[in-house]
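> One letter stands for each residue in the lines below.
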Amino acid sequence: MKFSDYLFILVLLANLILVTYLGIGDYRKGEKVDQSLRNGEQILSWFENFSQKIEANEAVTQSICLPLAEGERPSKGAKLNTWHSCVESLFNSSGPFQDYANLLMPQALPFAEKCDKHEPGSSGAFIFEKLTLNPAGPPATSPMGPGEKLIGSMNIRLSLCDTGYYLVKIGEFKL
Amino acid sequence: MNTVPMNSLNLRLRKWIFDTLFNDRIKNNFHDQFEHFITYMIVFNMVGLVLEHIPIIYDTREHLFHYFDLFSLAVFSIEYVLRLYVSPEDPAFKSKKIPRLAFVKSPFAIIDLVSILPFYLGAFFQADLRVLRALRLLRLFKLFRALSPAVKEFVEKNKGMSFRYKVYAIVNETPTSGELHHIFDFFIVAWVIISVSAVILESVQSINYYLHTEFIILDIISVAVFSTEYLMRMYSCTEDPKYQSWLKGRLENAVRPTSIIDLLAILPFYLESILHHLFDLRFLRVFRLMRLLKLARYSGATQSLFIVIKREWPVMKASAFIMMLLVMLAACLGYLFEHEAQPDKFENIPQSIYWSVITLASVGYGDISPITPAGRAITIVLALLGIGIFAIPAAILSSALSDQLRIDRETMMTELYTMLEDGVISPDEQELIEAEANRLHLSKAELDRLLEKAKVEMGLEQGAKAKSGGAAASDYNLEFLSQHSDAAAEQLKISISKLQQIVSVSNRDQLNDYFNNPQNASNLQKMVMQLLLQQSQRRTGSDGQD
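Residue numbers (the working numbering), protein chains in the order written: chain A, 655 to 829; chain B, 146 to 691.
In case anyone wonders, no lab produced these hints; they're calculated from the structure.
Any given hint might turn out to be false.
Claimed, not checked - The calculated lysine-lysine pairs, modelled on DSS-like cross-linking and capped at a C-alpha distance of 25 Å, are:
| id | chain 1 | residue 1 | chain 2 | residue 2 |
| --- | --- | --- | --- | --- |
| 1 | B | Lys302 | A | Lys656 |
| 2 | B | Lys671 | B | Lys638 |
| 3 | A | Lys656 | B | Lys393 |
| 4 | B | Lys387 | A | Lys656 |
Because the structure is a prediction, the values reported are computed rather than measured.
Next up, chain A with everything else stripped away, as it sits in the complex:
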């Protein structure tokens, strides 16, 4: 075997090591996305449980997430719950999702308004979108802004913003 043959084997091995190294990085990110999806499923089931309790007029712990009942008029001077305060209370240190962090961007919030490649923090975040039913076609989606008032029978879609800033749908719930 010549020197060039050894060099070729070396390049071959180096390439395999590089692919493995980059691949492990990708795999770990994939695992984080998987874990985030599992967390998302927990959030979804929490909200479904929450809605059932509201329907059954049972007491709920997160009263800040209580929506105004459908058809009911807010009393004068009473403040309506907003989405921002609700979601913050759920993810803060005393909320039910306190352990859920943004696994892809640990320094960013675990939830974001939209999945945007210009906002690196949105990668790995949970995205809540309001669904507006459209009889003629698929429902229209719009971001749940911080000032969004919580009104009964709101259809919300929960997705995860993945590594490539694509939305991965987890599920839908009714508040």
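Following the hints, put chain B in place on chain A, whose structure we already have.
Leaving out everything else, chain B in the frame of chain A:
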């Protein structure tokens, strides 16, 4: 009393099983099919083993996996028992004192046994199910039964060759490549299909949701396989006389379409992994589908198409130029007549170009359509012209493709003539012919017809040579005919026709007198002559009646 017939039956059965399933020296038996079936079973077992670790697939289909496992076990057990039974017929063990014992002690038999034995033992003893499952991995070693002879053959054929040449012989078809090259090709094709299927399924969100990490693993393995293949091709390309220079040759090889496709198949992975912080490279993901183009290397049809396009390029260019002129002219006229009436649809000339292409190509989406009388009149002309103009390249390509096929077949015929020059088609030549026929998509019947044609023509040619070359050449012709009964029959037919012609133009009485003299002709010659004369008389009589 029945021992002897039973023994003979047993021997015959054993030989029949060996010849049908295990004898690789017999051509038209089921050896290849059986080996392929076992190989596929091993591969499916491995796939099953991987799928069992995906809860979403395994949990709801546990019973199917169990049945498949039982089926595999049955197949591998039957295979082992059959191999053991026919081992006295196997040349590898035939000469041993106890052939079956020699078989049991052979490495492949041990692998075969180890891959099935734990499951039988598990039925009698308490064993950890996970250990039994892990032991199924041993079935992977059964693949060595196919790989080992190929490696041995490759090592033997490439004895004394450089390391680089050996790499070249693995990735390219050479006289010394052997079966190992085919296995390598099969491996690459299999990975192309797996990785492209993974890319397609990845886009289905309901599947990707559950198999996200599995797709990542598949992509990593694909890149490892394809990048290794690319490096092997780049390193060894200097063995090709066209790319001998170590740098220039490699650069020239790197800009070949197939090499560019190979590079595009792996580049997105590296770029996306390394540069994702700097650029948005999500669009590169779709380039993973370019891996499908790697299959073009293995398809003769694609090569024929490239040759045809290259050959017909000047005509195609002219046709494209006319098409472009027509599109531009139509777009300008459309804009002129329709812009005022529909400023939102015929907003500018580029938008009109879109309309004219859709109309000329007879697609007619209908999203933009003319409403003015002049615009509609132009559309009528355009639609009529479009049928002809767009059909030109298609017609050129189709006629050139059929031409190419004819040329390929003629080339094959020339090769057949060359192979038939010695009068015999050796097994190597037969293999070459079959490979070429496969490339040209010729059916077995077509190939047989071409072979027959070549044999007859060769026989005629040699017959003509014999005529001009005298007795020596005639002997050679007989030697050829003795080995080709079909050609001999054809030759005989021609000879009889010639005899009939001679008889018909000769004086029958004189011929009769000549052949009736025992000194001039033998008995057989006289009888043949009389038969020919009778035939000739009958024909003359029937002609007279007509």
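> For this structure, which hints from the list above don't hold up?
Going through the list in order, the structure violates no hint and respects every one.
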